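This is what each chain is made of:
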Amino acid sequence: MIPKIFCAAILLLIGVAAGADAPPATQPAAPTVDPLADQIFHQSADFLAQSHAFAVHAEVWKDEVLPSGHKIQVTRLVDLDFRRPDRLHVDARAHHKGRSIWYNGKRLTVFDRENNLYSVADMTGPVDQVLDSLADDYGITVPLEDMVVADPYGSAMKNVTAGGYFGDEPVLGVPCKHIGFSTDVIDWQLWIADGPQPLPQKLVITYKTEEQSPQWTAIFTKWNLSDRASDLAFQFIPPRGSAQIPMVSQRASKKGEGHP
Amino acid sequence: MRMPFEKTIQSASAESMASHAPRLCAAVGFCGVMALASALVLADRGRGSIRAAARPEPQRTAPARAEPVRAAPEARREPVRVEPQHVEAPPRVVEPRRDVPVGHDWDENDEDARHFGGFGHGVPARIIRGQRFHDLPHYHFHVFFNNFNYFFDDDGTCYQQEPDGQYLAVQPPIGVVITGAVPTGAVPIAVGPTTYYYLDGIFYVPQNGGFAVVNPPPGIVVPVLPSGATQVVSNNTVMYQFNGFNYQPSVQDGVTVYTVTPA
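Protein sequences appear in the order of chains P and Y.
Residue numbers for the first sequence follow this note's numbering, beginning at 38 and rising by one.
Residue numbers for the second sequence follow this note's numbering, beginning at 1440 and rising by one.
Don't read these hints as lab results, they were simulated from the structure.
Worth double-checking, as some hints may not be accurate.
Said to hold, decoys possible - Between beta-carbon pairs, the in silico distance windows are: (1) P:277 x Y:1666: 21 to 29 Å; (2) P:166 x Y:1667: 37 to 45 Å; (3) Y:1599 x P:274: 43 to 51 Å; (4) P:151 x Y:1700: 17 to 25 Å; (5) Y:1570 x P:151: 20 to 28 Å; (6) Y:1645 x P:79: 53 to 61 Å; (7) Y:1584 x P:104: 30 to 38 Å; (8) Y:1700 x P:274: 29 to 37 Å.
As the structure is a prediction and not an experimental result, all values here were calculated from the model.
Think of the CB as a built atom: it goes at the ideal place given N, C-alpha and C, for glycine as much as any other residue.
Please work from the sequences and hints to get the whole structure.
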């Protein structure tokens, strides 16, 4: 009897020790995306990707968590003009302030409307490349950039861990299909027009890892898929009294760190 | 057909609400010399972009985040009753603001203090230097410095009494020390081991339990211009001048900031 108990204890200890050495059982779960949601988004993304040029207006509501703990919502209006592969103009306005970006395939201009100052950086290449350069080198994220990349589907579905279809809901009277996806950092929902032009009508991004999970909401209106935007629309013309100031790249600023 | 997405969202949100993970705060590199003003100014990269959420955070040397200094209760300034008609302020705790979120992203620097007023940030509208007042604000304190009387309100505005009895908003003199907390709305800016507090063209450093007004270190970067700064254009270069210092604008991380150097 005693030897049996002893052997069992030994086996138990070995098992515990083996379990301690074993790798954790939690493996990254495979994405659980509703095929219907995936299909709806894929159709919309492909439709955008195949649109040679478009313009859209967005009213953006952004949650702002104040140091006092209050969560408020601020609004800005964004107008986007885009022509593949290398023309982009974004105009963002809020109250009496505003900033704009022009990219004409050769140079990118950021205009600070409040101070009447603008900054120019030489850039070439397709918009995807410029967006990456802006983010990596200058710390600038262009609003609505998800709409203008060459592959909106692949870009947005990167890191998605789950997705679902939540039925039909109208947005400002437009019948839409409501889908949502989740990554480790954000949840994003999209309302896509139900019709021959499956264009996004509303986008909500929830920053779920941040305090109070602020949301960023955009309502899209005035979609214009005509290819009539002239080059002039993507050309910055300095307003009267404006002045040019340098645009400091993060690489340059990093070099200078610690050298007063 | 429903997938477990709904449950995933709910559980993830519940976890995040419970954990209250800190904001993604990407402190920014700095033009030549020092850390940029409030790290919050340039945090929150990529708001409003699904694509940006997938980008790795830049590997940048994070400047020491200057935390606001809360004055010890015993060090808080005691209001001085200067004139009989002035109401003596009761002792009260002045809570320093942590930072001024003047901007987060290239288009998101619109949430400044004046929009939110006292509700959001506790930052009132600034008083422009040179304005004259019949009387001092309700709460104020008095500092005697270099044979002159100076009066400060809690917002950091400095006054001097004119011969006609009125009070003139002035730039506080270099070296004057205010006791207690840093004025409401001052932005902490870490420069090497020193934390400066910037508010409307005035730079403070902690000193002997209070805050001394000092000249800005050359190269310090501030997020907003002082009120009353004048624009100077020379050789097609725009610059602003205030109180003997140049404020050179540039775009960093998509927002306009100003590098301060002696004129």
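Which numbered hints turn out to be false for this structure? Structure breaks no hint.
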